[in-house]
Each structure stands twice: as C-alpha cells, then as structure tokens.
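With the hints as extra help, turn the sequences into a complete structure.
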Amino acid sequence: MVSLDYIWNAVHRELFFEKIFSADIDWDGQLDRRDTGEFDKNWISNHEVVQNAGDPMFPDSEIDKLREFACKKVFAITQNPDLAGYVSDDFGLIGEAVQKNAVTPWIKGLIKDYIEGTFPISSRVDENGTDE
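Here the numbering used here is used: the first residue of the sequence shown is 7, the next is one more, and so on.
Hints listed in this document are in silico derivations from the structure and should not be mistaken for laboratory results. Honestly, I wouldn't trust all of these hints.
Pair by pair, the computed Cβ-Cβ distance ranges are [claimed, not checked]: (1) I50 <-> N15: 37 to 43 Å; (2) E20 <-> G60: 31 to 37 Å; (3) N107 <-> T42: 30 to 36 Å; (4) G60 <-> D30: 19 to 25 Å.
Cβ coordinates follow ideal geometry from the N, Cα and C atoms, glycine included.
What follows is the structure, encoded as structure tokens:
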C-alpha cells in the first residue's frame, strides 16, 4: 500500500522535480497531449472513483501541503503556471487516493511515472497488462 509519507519523501528527494521538468520541452504541447487523449479520460474517471471512495484517513491539510509544494517547485523550475497547476492536481489526486485508500492501478501508474522521472502524458499498461 502506498502511503502519503512515501509520496512526501519521494518529492522531497534532491532534484526530484528538477529531473522531470528541467528539460527544454514544449510543456504547453505536453499539456495539450494530456487534454486530448485517453489520459484525460482516465484522469477524470479515476478522480471520480476517488471522490466517491470512503472516509479520509488523514486531514485534507496534508494533501494541501503536498499540492502546494509540487506547484511551487514546478513553477520555480519552468515558470509555467499551467504546468504547475496540472502537477499540483496530479499530486492532489494521488494524495486523496492515498487518504481514502482508493489507489487504483491507473493511479499507481501515475505515481510510477513521477517516481521514474517522467511527466505523465499518456495512459500506461497496469501490472495486469490492461491498458489503463
């Protein structure tokens, strides 16, 4: 089971966000790819699953801290407020899924992308070989 401490410690590792976002990439183009493909549909459907999940195991303020940290770090690196907002939303989804013990295989893939140093822009295959 993924814990908020695991996520918190991961994002606070040295150069965690820098490894992902320091590249000279068209971030607006990457965001457009997320918005027009399967990724967006999967993000929304997983968000709905998490929203309808059980009771929280810890206060929302813990998720707010995670979101704020991610947003500020990404903005400081890229100067792109839209990208910082998307990353903040991703970590909000991850945090809430952990908070409600509702981490789906797709959200595990989202976590894995970030941990592996990749900005998620497409759906991935889960551990069961199912296209998420």
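Status of the hints after comparison with the structure:
1. I50 <-> N15: 37 to 43 Å: Check failed, 28 Å falls outside 37 to 43 Å.
2. E20 <-> G60: 31 to 37 Å: Holds: the Cβ-Cβ distance is about 35 Å, inside 31 to 37 Å.
3. N107 <-> T42: 30 to 36 Å: Cβ of N107 to Cβ of T42: about 32 Å, so the range 30 to 36 Å holds.
4. G60 <-> D30: 19 to 25 Å: At roughly 43 Å between Cβ atoms, D30 and G60 fall outside 19 to 25 Å, so the hint is violated.
Going through the hint list in order, the structure does not satisfy hints 1, 4.
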